[in-house]
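Asks: Going down the list, the protein sequences come from chains A and B. Following full-length UniProt numbering, the numbering of the first sequence begins with 1 at its first residue and continues without gaps. Following full-length UniProt numbering, the numbering of the second sequence begins with 1 at its first residue and continues without gaps.
Derived from the structure by calculation, the hints contain no laboratory data. Treat the hints with care, as some may be off.
[Claimed, not checked] Derived coverage of chain B by chain A (criterion: at least 3 residues anywhere in the stretch with Cβ under 8 Å from a Cβ of chain A; other residues may be distant):
#1 43 to 52
#2 78 to 91
#3 148 to 158
#4 197 to 206
#5 271 to 281
C-beta atoms are modelled at their ideal positions from N, C-alpha and C, and glycine is treated no differently.
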Amino acid sequence: MIADRIVLTLAATAAIVVAGWAYLRLGDRALAALPRGAHRRLAPWLFAGPAVAMVLLALAFPAVVTVGWSFVGADGGFVGFANYTQTLSDEVTRIALRNTVLWVVLLPSLAVLAGLAIAVLADRVRYGALVKAALFLPIAISAVAAGVIWSFMYDYQPPGAAQTATLNAVVTALGGEPVAWIVDTATNNYALIGATLWTQAGFAMVIFGAALRAVPDELLEAARLDGASEWTAFRHVTLPFLAPTVVVVATTMTVTALKAFDIVYVMTNGNYGTDVLSTVMYRALFTAKDNGLAGAVATILMLTVVPIMVFNVRQFRRESGAA
Amino acid sequence: MTAGAVRVRPARWRRIPLHVVVVGLAVIWAVPLLGLVVSAFRPSWAVLSSGWWESFALPGDYTLENYRRVLDRDGMALSLFNSLAVVVPATVLTVTLGAAAAYALAAMRFRLRGAVLLTVVALIIVPIQITLVPLLRVFNALDLTGSFLGIWLVHVGFGLPFAVYLLHNFFAGIPSELFEAAEMDGASRSQIFFSIVLPVARPALAALAIFDFVWTWNDLLVALIFLGGFRDVAPMTVAVSQLVASRGDGWEILTSAAVLSVLVPMAVFVALQRHFVRGLLAGVSKG
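Make a model of the complete structure from these sequences and hints.
Replies: Here you go:
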């Protein structure tokens with residue numbers, strides 16, 4: 001079976017490269033035979049056509065159909081907003097919405113704080129490279145593996161038993177009672193957000209690190225010569241330069257928070273009041289097998305992302321218009 | 001771990017808070033990874049009775065048995081190659097289609113060009129959940145669920161907006177005289193694409209390929225839905241999540257499976273981090 005997979009991987013990769021090359025070369029030659037006007041009009045679509053078609057088929061069209069499905073009942077008839085009122089009046093969805101708000105508030109702000117702190121402070125200590133590496137590595141780790149890693153960190157044994165998991169070992173060593181981090185509703189949502197932060201902070205650090213290099217040294221020097229403290233120089237020179245980067249990191253993390261699925265699926269599967277919209281949607285699709293309901297939850301999730309989408313499109317128009 | 005703070009000379013006592021914050025964050029980020037790697041090499045009786053940090057006191061009590069078991073009995077060896085079979089063709093196809101489209105958008109003027117670009121930018125962050133209901137119905141009707149072809153197409157569809165966006169930004173920075181000169185010499189568009197654009201864009205293509213590779217490798221949701229949970233096609237993320245569900249506290253098994261699942265993306269990432277970072281920055285910071 002493993003040999004099959006290797007052959008498939010290599011054969012498919014080779015086929016894609018050869019087919020892509022042949023398609024463009026032959027297509028180009030076929031277009032050259034057409035009248036000049038037709039050639040000019042069609043050439044862009046020879047190149048952009050396949051990608052546009054894939055995006056329409058895999059993303060745009062299904063998205064429209066999903067919104068349509070959200071108005072269809074289990075019996076296949078039009079039901080208006082019934083799926084929405086049904087899901088929004090459900091306790092599970094309300095908990096998921098509450099948790100989503102928690103994710104959207106905490107993940108972006110903590111990622112900005114941790115990423116910015118390390119990007120700024122690590123350069124001031126001799127072991128900075130090591131510290132950056134510690135934050136950098138988890139970027140490559142899947143949310144599934146991070147879920148395993150942090151479930152293990154948060155593991156719980158009853159009081160009196162040996163605490164074999166890191167966090168409760170620290171808590172009991174300090175004289176506290178062990179906490180069931182993932183089950184206890186007072187801590188579990190923060191525990192999941194913390195695990196996600198662990199995978200995402202390095203990303204914020206990298207972006208802030210690049211933005212920091214763009215802060216003109218002369219300005220900082222001038223501020224210091226004028227007697228400004230490090231903090232004042234940071235606050236009045238560096239921070240204004242970083243403002244657009246804070247927006248970029250915060251919006252990216254907001255989208256990550258809204259789409260959160262893997263960590264929750266692996267660590268709690270939405271139990272103990274940790275559901276988010278994605279896990280509710282997954283269950284509506286697979287456990288309840290209710291397409292209308294799943295469509296309604298997906299549409300709600302989509303609506304939460306729309307403001308950032310509009311923001312990104314505006315930003316892009318402004319920047320490409322100025323260029 | 002306070003060595004950094006201790007070494008500070010008295011005159012620098014003001015720097016102690018700085019060291020505390022930096023070392024504190026580094027410890028929070030490094031300890032979970034250390035605990036994972038150490039536990040993956042410990043025998044199950046040891047994992048059950050003592051913390052991973054205590055194993056440093058009993059050296060010699062490490063084993064490769066967990067890996068043997070996970071690779072063999074739990075099928076992680078096959079999952080490793082399933083992951084490759086999902087990720088490599090999907091990444092190559094995304095980069096190929098993305099590069100062709102980005103070339104058209106950056107170097108040619110045509111109707112709908114602006115509309116296509118704005119749609120691409122808008123779709124980068126679309127939650128894939130919005131597509132799942134109809135795609136799954138179509139996949140079931142065409143019997144594509146559980147096939148590699150099906151999951152390639154889904155990953156390519158989801159990956160393309162970012163790919164086109166990133167490469168378009170890069171291509172738009174190539175001086176247009178380069179294209180025009182070649183056109184004057186009678187080169188066709190596909191010749192320009194293959195012999196000028198692609199070689200010049202090699203850094204951007206590498207950045208995108210690495211980014212896409214790690215991203216697709218780490219995906220759980222798409223694999224869970226479109227590979228349908230069949231064990232013989234499950235990639236590593238699905239296999240690990242199934243292990244979590246089936247043996248909740250066999251930590252020596254779960255940690256060694258997790259270590260195996262991060263080896264490939266981690267190796268790619270560390271070896272080619274320069275490209276990865278460039279891709280990441282090009283993707284988020286420039287329009």
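Asks: If you count the residues of the region 271 to 281 of chain B with a beta-carbon closer than 8 Å to a beta-carbon of chain A, do you get 3 or more?
Replies: With 4 residues close enough to chain A, the hint holds.
Asks: Tell me whether the statement that chain A covers the region 78 to 91 of chain B is true, taking a Cβ distance below 8 Å and needing three residues at minimum.
Replies: holds (count 7)
Asks: Mind taking a look at whether chain A covers the region 43 to 52 of chain B? Criterion is 3 or more residues with CB to CB distance under 8 Å.
Replies: holds (count 6)
Asks: Mind taking a look at whether chain A covers the region 197 to 206 of chain B? Criterion is 3 or more residues with CB to CB distance under 8 Å.
Replies: violated (count 0)
Asks: Counting residues of the region 148 to 158 of chain B with a beta carbon closer than 8 Å to any beta carbon of chain A, are there 3 or more?
Replies: Since three or more residues must qualify, the claim that chain A covers the region 148 to 158 of chain B holds, with 7 doing so at under 8 Å.
Violation of the numbered hints given earlier is confined to hint 4; every other hint is satisfied by the structure.
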